[in-house]
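Taken in sequence, the protein lines are chains S and W. Counting from 1, one number per residue, gives the positions in the first sequence under the numbering used here. Counting from 1, one number per residue, gives the positions in the second sequence under the numbering used here.
Just so you know, the hints here were simulated from the structure itself, not pulled from any lab data. Some clues are possibly wrong.
If the Cβ cut is set under 8 Å, some of the chain S residues that face chain W in the computed set are [as the list claims (entries may be wrong)]: (1) Gln4; (2) Val27; (3) Cys29; (4) Gly30; (5) Ile47; (6) Val68; (7) Phe73; (8) Lys78; (9) Val80; (10) Val98; (11) Val115; (12) Asp130; (13) Val133; (14) Gly148; (15) Ser149; (16) Pro150.
All figures in this text were calculated on a predicted structure; none of them were measured in a lab. We put the CB at the ideal spot given by N, CA and C, even for glycine.
One-letter residues, chain by chain:
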Amino acid sequence: MEVQDMLYPKSQYIETATGNRVSRASVLCGSQHIVLSGKVIVLSSVIIRGDLANVRIGRHCFIATKAVIRPPFKKFSKGVAFFPLHIGDHVYIGEGSVVNAAVIGSYVHIGKNCVIGRRCVLKDCCRIADNTVLPPETVVPPFAVMAGSPACHVDDLPEATPDLMTDYTRSLYHHFIMVKEGQSDKPKRNDSTAKLLEI
Amino acid sequence: MTKQLDPSVCNVNVAPGATVCLEGDFVGEITIGARTVVHPKARIIAEAGPIIIGDGNLIEEQAQIINRRPAGSEDSRQHTLIIGHSNVFEVDCLVEADSVGDNNVFEAKCRVGRGVAVGRGCVVGSLCSVTCPQELADNSVVYGSDHLRRQQQERPPAQALQLEFLNKVLPNYHYIVKPKKKGSPAAEIITS
Chain S
1 MEVQDMLYPK
11 SQYIETATGN
21 RVSRASVLCG
31 SQHIVLSGKV
41 IVLSSVIIRG
51 DLANVRIGRH
61 CFIATKAVIR
71 PPFKKFSKGV
81 AFFPLHIGDH
91 VYIGEGSVVN
101 AAVIGSYVHI
111 GKNCVIGRRC
121 VLKDCCRIAD
131 NTVLPPETVV
141 PPFAVMAGSP
151 ACHVDDLPEA
161 TPDLMTDYTR
171 SLYHHFIMVK
181 EGQSDKPKRN
191 DSTAKLLEI
Chain W
1 MTKQLDPSVC
11 NVNVAPGATV
21 CLEGDFVGEI
31 TIGARTVVHP
41 KARIIAEAGP
51 IIIGDGNLIE
61 EQAQIINRRP
71 AGSEDSRQHT
81 LIIGHSNVFE
91 VDCLVEADSV
101 GDNNVFEAKC
111 RVGRGVAVGR
121 GCVVGSLCSV
131 TCPQELADNS
141 VVYGSDHLRR
151 QQQERPPAQA
161 LQLEFLNKVL
171 PNYHYIVKPK
181 KKGSPAAEII
191 TS
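Please work from the sequences and hints to get the whole structure.
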């Protein structure tokens with residue numbers, strides 16, 4: 001998985017002390033309840049609902065545009081609450097995916113346009129293919145590939161998946177390059193080796 | 001400095017007891033019933049006529065409820081989209097139906113097109129598209145990638161507990177559209 005350079009204008013993204021790069025066009029509700037552990041990239045139009053419950057996202061995660069990360073709803077004996085959502089390290093969440101899971105492990109790859117149902121549990125090193133629908137409360141075992149709607153276990157991942165996902169997310173972070181305003185002129189757009197991010 | 005909706009673009013009548021987050025796309029004339037919760041970033045677009053939303057509905061973020069003017073038709077024809085009570089519009093669903101009954105659930109990323117009349121208690125599953133003009137019978141369920149259909153015995157459960165929780169929690173984090181009083185001055189919304 002060779003990663004292309006993605007250029008982003010400096011003014012559109014906020015870079016925090018721990019290296020998180022968060023788009024200004026994303027919507028982070030209740031940001032005091034959202035923890036980004038470091039080197040997390042959040043592209044534009046992402047919605048993270050920290051106002052409903054705590055959201056903790058591990059290191060080196062990559063959340064592509066238009067994804068929605070919202071904690072699931074749970075009825076307890078004493079009432080109702082939104083359950084905190086934990087996402088592990090080195091997780092890639094594809095474009096437009098809706099994540100309602102309770103727990104996502106580390107080294108997970110979620111494809112584009114997926115729907116992860118309420119209170120799902122995704123264990124480490126699994127992969128969700130594009131356009132899959134995970135019904136509520138599914139548990140996805142480690143090293144499984146789930147596809148389809150409703151999702152079925154279609155394939156297995158190799159044992160080297162933690163290393164592969166670590167490499168992938170690290171190189172995504174490295175290739176996410178900041179462009180200072182003065183340099184982002186038109187000739188760069190035709191450059192075939194890099195694409196300017198649409199904001 | 002209070003932010004409010006731009007009155008030249010939309011006219012949102014919010015009943016008391018409803019929680020409508022300001023950060024959404026509202027176009028046209030919209031009436032929202034009591035105890036309804038509209039999450040931020042929802043889009044309610046009343047292009048070809050008003051949209052009347054009943055009580056106790058739950059409209060999540062990125063949901064789109066559109067009363068669309070059909071392409072190429074005369075502008076004067078107005079069609080009111082009436083949405084019943086206790087419906088759930090999950091994340092990123094798109095509803096352009098002719099009418100929506102009560103107690104329906106539109107799951108995440110479903111698409112309901114024009115000409116569809118949704119009955120009561122229907123469930124349109126995730127990533128399913130119901131686009132040909134048709135009438136969805138009461139308590140029917142559309143699900144799966146093959147768009148299978150079946151009838152349920154009873155309607156989906158109501159989300160009263162969740163609505164109550166959201167009505168308490170959302171005002172702490174978001175600007176809420178005030179229940180409309182006639183003649184109130186409205187400042188322009190500041191887009192970020």
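Hint check results:
1. Gln4: 27 Å, violated
2. Val27: Val27 of chain S check passes; min Cβ-Cβ to chain W is 6 Å, inside 8 Å.
3. Cys29: 6 Å, holds
4. Gly30: 5 Å, holds
5. Ile47: Check passed: Cβ of Ile47 of chain S comes within 5 Å of chain W, closer than 8 Å.
6. Val68: 5 Å, holds
7. Phe73: The hint holds - Phe73 of chain S has a Cβ within 8 Å of chain W, the shortest such distance being about 6 Å.
8. Lys78: At about 12 Å, which exceeds the 8 Å cut-off, the nearest Cβ of chain W leaves the hint on Lys78 of chain S violated.
9. Val80: Interface hint status for Val80 of chain S: holds (5 Å vs cutoff 8 Å).
10. Val98: Hint on Val98 of chain S: holds, closest Cβ of chain W at ~5 Å, below 8 Å.
11. Val115: Cβ of Val115 of chain S sits 4 Å from chain W, so the hint holds.
12. Asp130: Status violated, d = 11 Å.
13. Val133: It holds, given that the least Cβ distance between Val133 of chain S and chain W is near 4 Å, below 8 Å.
14. Gly148: 6 Å, holds
15. Ser149: With a closest approach of 4 Å, the Ser149 of chain S hint holds.
16. Pro150: It holds, given that the least Cβ distance between Pro150 of chain S and chain W is near 6 Å, below 8 Å.
Violated hints for the displayed structure, listed by number in ascending order: 1, 8 and 12.
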